[in-house]
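From first to last, the protein sequence lines are chains Y and G.
Take the position in the first sequence, starting the count at 1, then add 11; the result is the number in this note's numbering.
Take the position in the second sequence, starting the count at 1, then add 68; the result is the number in this note's numbering.
Since the hints were made in silico from the structure, they are not lab data.
Given the structure is predicted, the values throughout are model-derived calculations rather than measurements.
Just so it is clear, CB atoms sit at the ideal spot from N, CA and C, and this is done for glycine as well.
There's no promise every hint is true.
Claimed, not checked - Here chain Y is said to cover these stretches of chain G; the calculated rule only asks that three of the stretch's residues, wherever they fall, bring their Cβ under 8 Å from a Cβ of chain Y:
id, region
1, 209 to 222
2, 481 to 488
Unchecked claim - Below are the SDA-like pairs computed for lysine to any residue, each with C-alpha atoms no more than 20 Å apart in a straight line:
id, chain 1, residue 1, chain 2, residue 2
3, G, LYS120, G, ILE155
4, G, LYS201, G, PRO129
5, G, LYS214, Y, ALA35
6, G, LYS507, G, VAL356
7, G, LYS285, Y, LEU31
8, G, LYS285, Y, SER24
9, G, LYS318, Y, ALA40
10, G, LYS318, Y, LEU32
11, G, LYS286, Y, LEU32
12, G, LYS531, G, PRO495
13, G, LYS266, G, VAL249
14, G, LYS507, G, PRO477
15, G, LYS508, G, HIS519
16, G, LYS214, Y, SER24
17, G, LYS400, G, GLY379
18, G, LYS120, G, ARG182
19, G, LYS123, G, LEU171
20, G, LYS286, Y, SER24
21, G, LYS239, G, PHE271
22, G, LYS214, Y, LEU32
23, G, LYS286, Y, LEU31
24, G, LYS318, Y, LYS51
25, G, LYS214, Y, LEU31
26, G, LYS285, G, TYR250
27, G, LYS531, G, ARG490
28, G, LYS485, G, SER452
29, G, LYS400, G, GLN196
30, G, LYS469, G, SER433
31, G, LYS318, G, LEU238
32, G, LYS400, G, ALA172
33, G, LYS214, Y, GLY38
34, G, LYS285, Y, LEU32
To be verified - Away from chain Y, derived, C-beta distances all over 10 Å, residues of chain G:
id, residue
35, THR299
36, LEU308
37, HIS513
Chain by chain, the residues:
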Amino acid sequence: MHFAPLPYLDPGSGSFLIQLLIAALLGLAVAVRASWGRIKGWFGIKPKPDEDDDESSE
Amino acid sequence: MTTNQVNSGQLAASFRDPSGFLFSRGGVLYRQVNRAYEQEYLRLMESGLYGKLVKAGLLIPHVEVDPLPAGGETAFRVIQPERVPFISYPYEWSFGQLKDAALATLSIQRRALRAGMSLKDASAYNIQFVRGKATLIDTLSFEIYKEGQPWVAYRQFCQHFLAPLALMALKDIRLNQLLRVYIDGVPLDLASQLLPWKTRLNFGLLTNIHLHAGAQKKYAGEEVKSRGGATFGRQAMTGLIDSLDATVRKLNWNPGGTEWGNYYDITNYSDAAFEHKKQLVDEWVKRVNPALAWDLGANNGIFSRVASSNGSFVVAFDIDPAAVEQNYRQAKGEKTENLLPLLLDLTNPSPSLGWANRERDSFGSRGPANLVLALAVIHHLAISNNVPLPQLADFFAETGKWLVVEFVPKSDSQVRKLLASREDIFPNYTREGFEAAFKKRFTIHHAADVHESERVLYLMEGK
Chain Y
12 MHFAPLPYLD PGSGSFLIQL LIAALLGLAV AVRASWGRIK GWFGIKPKPD EDDDESSE
Chain G
69 MTTNQVNSGQ LAASFRDPSG FLFSRGGVLY RQVNRAYEQE YLRLMESGLY GKLVKAGLLI
129 PHVEVDPLPA GGETAFRVIQ PERVPFISYP YEWSFGQLKD AALATLSIQR RALRAGMSLK
189 DASAYNIQFV RGKATLIDTL SFEIYKEGQP WVAYRQFCQH FLAPLALMAL KDIRLNQLLR
249 VYIDGVPLDL ASQLLPWKTR LNFGLLTNIH LHAGAQKKYA GEEVKSRGGA TFGRQAMTGL
309 IDSLDATVRK LNWNPGGTEW GNYYDITNYS DAAFEHKKQL VDEWVKRVNP ALAWDLGANN
369 GIFSRVASSN GSFVVAFDID PAAVEQNYRQ AKGEKTENLL PLLLDLTNPS PSLGWANRER
429 DSFGSRGPAN LVLALAVIHH LAISNNVPLP QLADFFAETG KWLVVEFVPK SDSQVRKLLA
489 SREDIFPNYT REGFEAAFKK RFTIHHAADV HESERVLYLM EGK
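Chain Y on its own, in the form it takes in the complex (with noise of 0.2 Å):
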């Protein structure tokens, strides 16, 4: 696949390169992250709450 043409501050090349690379691991630990959080609620571990997560609040 083709991206988008460059926007109009040049992220480099590289640094789009890279994130390709490493997608496959940032993936990865999200899952891991997402599948040890539902192994701790099986043991009764609530998550810590996401500071980020508004949605819940509202």
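Chain Y is already provided as a structure; the job is to place chain G on it using the hints.
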């Protein structure tokens, strides 16, 4: 702001952005939203993202005003953002301020992603301290999020935030001054070279700085095509923001063991002298009632707080990163909304920087203040830095309308220390010489001998 306006009233700091620009009319600051940015602006406002960010203190509130477009048919809307009491720059921030600005940027990006948007830039200059909190002031920083695309602002985030924070925490706190040289943030190859080798063992710093710098060098100028159809999915984006957040959070720097870190423990002040000084400052601040006060040589802000508790917005400048950090932590802990601690070397204050020297204002052009506090600072400027007293009077007269200034005579033990290792070439450094020099630019309303000391505190008004 006078230096940074081009003829149309358009402000020079926002010229790069095709989404819109800042302009000023009749002393009021507006931001034009261009037609090209219509879709993004409406998504920001209608998705609820704007409301949530403003509620969390992460985005500057604005009101839409009747169109008085500066750019003719390119205008979609004109908004009037809330005024920021004092514009500051990352090279003037303490470690904690830069870290909070970084975390605010990531927090905004997380919320934006949930609303189907993404930050298109992550410039530290888009963050200002408003009511004590790191706040995004560029309402036009958002774009529609396209799943599969890497984060366009990633390089900027690493250069403006992660690299300087890592250098400050792990190499030397003074390396924040690199931001003054490199206006688009610290080049990652430079950061990678300067950071200790052991930072390669930290996954966040390894990937986001060292490998990132290597990739920039290797792929410079290449067309961006993914190999094997790989894309950067939402989960990868979330992982990237989480990784940056965790890496930033783990970077810490604690003040201590520096120039004035324990200044008030080692001064020659008695408690009575200190209390008397506070009482005089309080009395005079109440009399002048300044909207904006600058405390020059503020240390950790004891006297700045005398002014801020009277309702003034106080900018507390000091040269010592430890004192500024302590001051910021205290202000943050006490949720003080009208006190902004900043790092500044008075003998070499922030210059005008950027394209045509118009993007970032100098220290002087952000003034004058209504009141300047210059307590226990004159002897450093006059004796350590050899500035003649008439030039000091000129400097203070240009910096503020009112001046509360402390004269510290040669007989004072602090001044004796400064003179111990050098020849005394300051025959005019006397109370009489000081008053004669300052009377040329100021009317002296009060001169009070500080109890149990040889120092004199003055209240002066510029002529």
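Consistency of the hints with the structure:
1. Check result for the region 209 to 222 of chain G against chain Y: holds, 9 residues qualifying (beta carbon to beta carbon below 8 Å, three or more required).
2. Counting residues of the region 481 to 488 of chain G whose beta carbon lies closer than 8 Å to any beta carbon of chain Y gives 0, which falls short of the minimum of three for the stated coverage.
3. A threshold of 20 Å between alpha carbons decides the hint, and for LYS120 (chain G) with ILE155 (chain G) the separation of about 24 Å lies outside it, so the pair is violated.
4. A C-alpha spacing of about 13 Å is found between LYS201 (chain G) and PRO129 (chain G), which places the hinted pair at or below 20 Å, so the restraint holds.
5. At roughly 18 Å between alpha-carbon atoms, LYS214 (chain G) and ALA35 (chain Y) fall within 20 Å of each other, so this suggested pair holds.
6. The suggested pairing of LYS507 (chain G) with VAL356 (chain G) holds, with an alpha-carbon distance near 19 Å, which does not exceed 20 Å.
7. Restraint check for LYS285 (chain G) and LEU31 (chain Y): the C-alpha separation of about 16 Å stays at or below 20 Å, so the hint holds.
8. Restraint check: the Cα-Cα separation between LYS285 (chain G) and SER24 (chain Y) comes to about 9 Å, which is no more than 20 Å; the hinted pair holds.
9. About 17 Å separates the Cα atoms of LYS318 (chain G) and ALA40 (chain Y), which keeps this hinted pair within 20 Å; it holds.
10. Of the supplied pair hints, the one linking LYS318 (chain G) and LEU32 (chain Y) is violated, its CA atoms being roughly 24 Å apart against a limit of 20 Å.
11. Pair hint LYS286 (chain G) plus LEU32 (chain Y) holds up; C-alpha atoms about 13 Å apart against a cutoff of 20 Å.
12. Between LYS531 (chain G) and PRO495 (chain G), the direct Cα distance comes to roughly 26 Å. Violation of the 20 Å bound is thereby established for this hinted pair.
13. A threshold of 20 Å between alpha carbons decides the hint, and for LYS266 (chain G) with VAL249 (chain G) the separation of about 26 Å lies outside it, so the pair is violated.
14. The straight-line distance between the Cα atoms of LYS507 (chain G) and PRO477 (chain G) is roughly 18 Å, inside the 20 Å bound, and the hint therefore holds.
15. For a cut-off of 20 Å, the pair hint linking LYS508 (chain G) to HIS519 (chain G) is broken: about 27 Å separates their Cα positions.
16. For the hint pairing LYS214 (chain G) with SER24 (chain Y), the CA-to-CA distance comes to about 18 Å; that is within 20 Å, so the pair holds.
17. Annotation: proposed proximity of LYS400 (chain G) to GLY379 (chain G) holds, straight-line Cα distance about 17 Å (limit 20 Å).
18. A C-alpha spacing of about 11 Å is found between LYS120 (chain G) and ARG182 (chain G), which places the hinted pair at or below 20 Å, so the restraint holds.
19. Proposed proximity of LYS123 (chain G) and LEU171 (chain G) is supported: the alpha carbons are some 17 Å apart, at most 20 Å.
20. For the hint linking LYS286 (chain G) to SER24 (chain Y), the alpha-carbon distance of about 9 Å falls within 20 Å, and the restraint holds.
21. For the proposed pair LYS239 (chain G) and PHE271 (chain G), the alpha carbon gap of about 18 Å is at most 20 Å, so the pair holds.
22. For the given pair, LYS214 (chain G) sits about 19 Å from LEU32 (chain Y) by alpha-carbon distance, which is consistent with the 20 Å threshold.
23. In summary, the hint linking LYS286 (chain G) to LEU31 (chain Y) is supported, as the alpha carbons are separated by about 15 Å, within the 20 Å threshold.
24. For the hint linking LYS318 (chain G) to LYS51 (chain Y), the alpha-carbon distance of about 24 Å lies beyond 20 Å, and the restraint is violated.
25. Simply put, LYS214 (chain G) and LEU31 (chain Y) have alpha-carbon atoms about 15 Å apart, close enough for the 20 Å limit, and the pair holds.
26. Proposed proximity of LYS285 (chain G) and TYR250 (chain G) is supported: the alpha carbons are some 18 Å apart, at most 20 Å.
27. For the proposed pair LYS531 (chain G) and ARG490 (chain G), the alpha carbon gap of about 35 Å is over 20 Å, so the pair is violated.
28. With a CA separation close to 11 Å, the supplied pair LYS485 (chain G) and SER452 (chain G) stays within the 20 Å bound.
29. Between LYS400 (chain G) and GLN196 (chain G) the CA atoms are separated by roughly 14 Å; this keeps the pair inside 20 Å, and the hint holds.
30. Annotation: proposed proximity of LYS469 (chain G) to SER433 (chain G) holds, straight-line Cα distance about 14 Å (limit 20 Å).
31. Restraint check: the Cα-Cα separation between LYS318 (chain G) and LEU238 (chain G) comes to about 11 Å, which is no more than 20 Å; the hinted pair holds.
32. Of the supplied pair hints, the one linking LYS400 (chain G) and ALA172 (chain G) holds, its CA atoms being roughly 14 Å apart against a limit of 20 Å.
33. At most 20 Å may separate the alpha-carbon atoms for a hinted pair to count; LYS214 (chain G) and GLY38 (chain Y) meet this at roughly 17 Å.
34. For the suggested pair LYS285 (chain G) and LEU32 (chain Y), the alpha carbons sit about 15 Å apart, so the restraint of at most 20 Å is met.
35. Residue-level check failed: THR299 (chain G) sits 6 Å from the nearest beta carbon of chain Y, not beyond 10 Å.
36. At roughly 5 Å from the closest C-beta of chain Y, the C-beta of LEU308 (chain G) falls inside 10 Å, breaking its exclusion from the interface.
37. At the 10 Å boundary, the C-beta of HIS513 (chain G) stays outside the reach of chain Y, the nearest C-beta of that chain being 49 Å off.
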